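Using the hints, position chain B against chain A.
Number of protein chains: 2
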Amino acid sequence: MSEKPTPLSGFPELLPEHRAVERQVIASMSRTFELHGFANIETRAVEPIERLSKGGEIDKEIYVLRRLQGDDSTAGDSGPSRQLGLHFDLTVPFARYVLEHSGKLEFPFRRYQIQPAWRGERPQEGRYRQFTQVDIDVIGRDELAFHHDVEVVRVMAEALAPLPLPPLSIQVNNRKLIQGFYRGLGIADVTGAIRTIDKLDKLPREEVARLLVDDAGATTDQAERCLELATIRVQDTSFVDRVRSLGVEDELLDTGLRELAAVVEGCAEAVTDRVTVEANLRIARGLDYYTGTVLEIFMAGYERLKSVAGGGRYDALATDGRTTYPGVGISFGISRTLVPLFNDGVLAPGPKVPSTVLVALVDEESRPASEAIASALRRRGIATEVAASAQKFGKQIRYAERRGIPYVWFPDTGTGASAGTGEVKDIRSGDQVAADPTTWTPKEADPS
Amino acid sequence: MSEKPTPLSGFPELLPEHRAVERQVIASMSRTFELHGFANIETRAVEPIERLSKGGEIDKEIYVLRRLQGDDSTAGDSGPSRQLGLHFDLTVPFARYVLEHSGKLEFPFRRYQIQPAWRGERPQEGRYRQFTQVDIDVIGRDELAFHHDVEVVRVMAEALAPLPLPPLSIQVNNRKLIQGFYRGLGIADVTGAIRTIDKLDKLPREEVARLLVDDAGATTDQAERCLELATIRVQDTSFVDRVRSLGVEDELLDTGLRELAAVVEGCAEAVTDRVTVEANLRIARGLDYYTGTVLEIFMAGYERLKSVAGGGRYDALATDGRTTYPGVGISFGISRTLVPLFNDGVLAPGPKVPSTVLVALVDEESRPASEAIASALRRRGIATEVAASAQKFGKQIRYAERRGIPYVWFPDTGTGASAGTGEVKDIRSGDQVAADPTTWTPKEADPS
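So the protein sequences, as listed, match chains A and B.
Just so we're aligned: the first sequence equals residues 8 to 455 in the working numbering.
Just so we're aligned: the second sequence equals residues 8 to 455 in the working numbering.
Isolated chain A, as found in the complex (with noise of 0.2 Å):
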């Protein structure tokens, strides 16, 4: 290997300064998922490639595995051979993660994950081939209660708010709703009439008009109720009266409306001027599995990317023949929201390294002096480097303002009792200052 190598495409990789964003990010995130109970877990990589190709459609999208020298084409070298592949989301690792460990699980569990998924299809902005996914989820054994759908968005809501991001919008719809209405109406193909609606984003309306009508079996009057009813979109619960005005009665449209109020109001607290909650009646979430509440977010400015999180409650995600684990979760791709924002500039770069304090360094022989001063500075927390070599001290400072560290430290050469201290310079005010490291502390708090 001695050429330059080239990315490959669809693998996007940060730069240390971008990681450090990315990092604060995971890390904020994490902080809230936990003050609310969250456990962390992580599941391995790869799945057997029956339980991952469950889906039909997403087959294609999937990496199977081999070993380059394997005496056969699976993965596994022993019993009956098992193909792998990875996983392309982690809701499916998570499912089987609670079959396999429920005797050993509490239930309601709550758990966060953040780890990388696989996806074999072709890369595009916000849409790549390995991408992190922050997922929080709630699973119950047999039940769970309705008011884990109000804390799931409540939570994901609160872990969003603090973050460097533009605006994010949480567009909460209900499955019972729309069926519900669906029903109510007297149209046959309810799940097909879903579909179709789920078509608005990206056909003109008259058209999706068309298609309730040729293909979904709606007469021209419910299609233009079930396009009425897609427009609704409003941040309070005045969706409820709204949807009565449509004149549909049906007892699942009446639990819809009900669930759906109750999270709007239930996340009216987290609500910020950084993350809204609003009922969106046109959000249907294509994947079948969902049965109740279904959100996706959107990102201010980058409505191209779609959503950049989805989720909602699935009571029956996984079962094992005797129990049934009911869920309700989101995914957040962290990867689909910060890469776009890095490469446009839209979210500054952190620091370069972690170090608050570069130790000046006088001569080789002075290197035990200079790293006592650091070792000082880190017992008291503060992260320091001491200079690689001895050069000028305008080259050392110039090698701390390349790496955006604030502060060089400039050892006491003296053998008096100022030996092991000496002055320390703001290298971004200038100001320089007689120092001791056993004392001394950065004008801010600790960058790292």
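Bear in mind the hints are in silico, worked out from the structure with no lab data behind them.
Predicted model, so just to flag it, every value in this text is computed and none were measured.
Virtual Cβ for every residue (Gly too), placed ideally from N, Cα, C.
Be aware that a few hints might be false.
Examples of chain B residues lying across from chain A (beta carbon under 7 Å, computed) [to be verified]:
id	residue
1	18
2	22
3	44
4	70
5	71
6	73
7	74
8	75
9	103
10	115
11	202
12	205
13	206
14	390
15	392
What follows is chain B alone, placed relative to chain A:
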């Protein structure tokens, strides 16, 4: 998928209470690395197969990817097809990352990296098909001063010292020392001799002596002195005099002795009763790119795992033909270390949930009151969850007990001045006191 899944051999997964410990270990090590100015990066999981297969004999362990529904057998889909494989360590992808991004990195570049790697080998205790590594490296452009060898060993010693592990022994040697000694001794096949001496942990001494003569072309006397060198093992710099007393003169040997002594002396401050650093002149490390310092780390009582970490100096791991990047680093096997300790019950599990407080629920109608108490506690950084359902208080207490939540908060359901407060019970001691969520603090530090 309606049957209970079975574990996949070689892909260990942690329960939440074990993952909590792994996270603490990772957070503690990361903090130490950052205090020393090491920046975190992550590399993609895959590399072009030709970059992974450079090592020759390691070929058989690589997992190759192909898309399940791909139109060819490669993972790429445009341009010259490139076969991709999962990385088997973090060194190869780091070397590639440095070459690819060299124009945007500052050298010497200190980085730490904590990610899984994959090998398709037969699983056994401490050897998994997916395993997480903790790597630190310092890499220079064209040159890298020797003092960074001392730095990485000391930083790793400091990072390991606070961990809840059995005692660790960092055993260091120097390739220049061995090569210089063998050369000064007049052994023709120095590489062959190193490879033979490396077998001392598998073969008896006499057998190794015979192989040195038969295969590496040593005389009986030379073989005897090689073995004497290999048995030197001390926790200070007294090895220098012991090597000198073997009567071999060589310039490279002098350099090696000086460097190894500097590492042992430079780490003296970091040595504790839990992490020792010793010169062990038998350590060679099989891989051929090491050129100076070499080390392995062993865990007391777990010698059967062989080393839990290894590393050293490589003068030319990465090169793009024009520029060479020398480096020095250590790779610590966190899965290899923790999984056997969890299995043996040597390492105690952490909390099943991060919550410090469970707010009890009087009835479903008063959920908002319980939620308000939880929010007040969370605002003060106290991880809190609200009971999932309004069972009898005895059952809610047992719910907390099963999860290891130390406090249960009983809300005041009255409407007087105490509304929204209540009493909090330490379920370990049984103590119960009136408390206000805006001022109450748990006795111990918040475990989250």
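(message) If you test the structure against every hint from before, which numbers come out violated?
(response) 11, 12, 13
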